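Participant: Sequence:
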Amino acid sequence: MSKFITFEGMDGAGKSTHLVWFADALRARGIGVVVTREPGGTPLGEQLREILLNQPMCIGTEALLMFAARLEHIEQVIKPALRAGQWVISDRFSDASFAYQGGGRGMEWDKLAQLEQWVHPDLQPDLTLFFDVPVEVARQRLSANVSLDRFEQEQADFFERVRAGYHKRIQQNPQRYAVVDGAQPLENVKRQLESIIATL
Numbered sequence: 013m014s015k016f017i018t019f020e021g022m023d024g025a026g027k028s029t030h031l032v033w034f035a036d037a038l039r040a041r042g043i044g045v046v047v048t049r050e051p052g053g054t055p056l057g058e059q060l061r062e063i064l065l066n067q068p069m070c071i072g073t074e075a076l077l078m079f080a081a082r083l084e085h086i087e088q089v090i091k092p093a094l095r096a097g098q099w100v101i102s103d104r105f106s107d108a109s110f111a112y113q114g115g116g117r118g119m120e121w122d123k124l125a126q127l128e129q130w131v132h133p134d135l136q137p138d139l140t141l142f143f144d145v146p147v148e149v150a151r152q153r154l155s156a157n158v159s160l161d162r163f164e165q166e167q168a169d170f171f172e173r174v175r176a177g178y179h180k181r182i183q184q185n186p187q188r189y190a191v192v193d194g195a196q197p198l199e200n201v202k203r204q205l206e207s208i209i210a211t212l
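Each residue of the sequence shown is one higher than the one before, starting from 13 at the first, in the numbering used here.
Treat the hints as calculated values from the structure; they're not laboratory data. Bear in mind that the values here come from a model prediction, so they are computed numbers and not experimental data. Quick reminder that beta carbons are idealized off the backbone N, C-alpha and C, glycines included. Don't take every hint at face value.
[Stated by the list, open to error] Think about it this way: if two alpha-carbon atoms lie no more than 27 Å apart in a straight line, the pair counts; the simulated DSSO-like pairs of lysine-lysine are:
no. : residue 1 : residue 2
1   : Lys-202   : Lys-180
2   : Lys-15    : Lys-180
3   : Lys-123   : Lys-180
4   : Lys-91    : Lys-123
5   : Lys-15    : Lys-91
6   : Lys-15    : Lys-202
[Claimed, not checked] Restraint-style ranges between C-beta atoms, simulated for each label pair:
no. : residue 1 : residue 2 : range
7   : Arg-188   : Trp-130   : 31 to 41 Å
8   : Cys-70    : Asp-122   : 16 to 26 Å
9   : Ile-208   : Gly-44    : 11 to 21 Å
Input sequences plus hints: build the corresponding full structure.
Facilitator: Below you can see the structure in the form of structure tokens.
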């Protein structure tokens, strides 16, 4: 039976690193896995990603473009893969919009909920792995990057709001989440992921 799994967390939380290992571990069990990302995942989505990560814009435009890319992603990648019996692992999904546009930017939660209901009323992840790290840890990791996008360049208070947005989202849907301490050593995180895989 197909499953839809999403990886979430602030920039610098380590989710992308562990996503590759997680997908490989599932494949080793004979599971067909499609790995994708947001914003992006489709040719149009990748073009929108380039705009979203680099062009200044008002908050409403940012949210609408995120959900526009998401709708294309769902119709072109996620739903077809799930119908074909594949497991889909996405680096971010709608939780990121609530965290970044809602928590970080301060957009009204209700407007984001309306967009979510419009774009994917019948689709939610079966499981979301949230990689949680203190803001100072995430920022220290990002400092090694040569080029940062406009989200990664935000100040610490922005990321504090993003983290709070994620935690608010988890409180609203606790059964869907597995919270991973992303500040742990890699081997410790891997052991936690192994235990999660064992329950799938």
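Participant: Confirm or reject each hint.
Facilitator: How the hints compare with the structure:
{"no.": "1", "hint": "Lys-202 <-> Lys-180", "verdict": "holds (26 Å)"}
{"no.": "2", "hint": "Lys-15 <-> Lys-180", "verdict": "holds (24 Å)"}
{"no.": "3", "hint": "Lys-123 <-> Lys-180", "verdict": "holds (16 Å)"}
{"no.": "4", "hint": "Lys-91 <-> Lys-123", "verdict": "holds (24 Å)"}
{"no.": "5", "hint": "Lys-15 <-> Lys-91", "verdict": "holds (11 Å)"}
{"no.": "6", "hint": "Lys-15 <-> Lys-202", "verdict": "holds (20 Å)"}
{"no.": "7", "hint": "Arg-188 <-> Trp-130: 31 to 41 Å", "verdict": "violated (20 Å)"}
{"no.": "8", "hint": "Cys-70 <-> Asp-122: 16 to 26 Å", "verdict": "holds (18 Å)"}
{"no.": "9", "hint": "Ile-208 <-> Gly-44: 11 to 21 Å", "verdict": "holds (19 Å)"}
Hint 7 from the list above is the single one not met by this structure.
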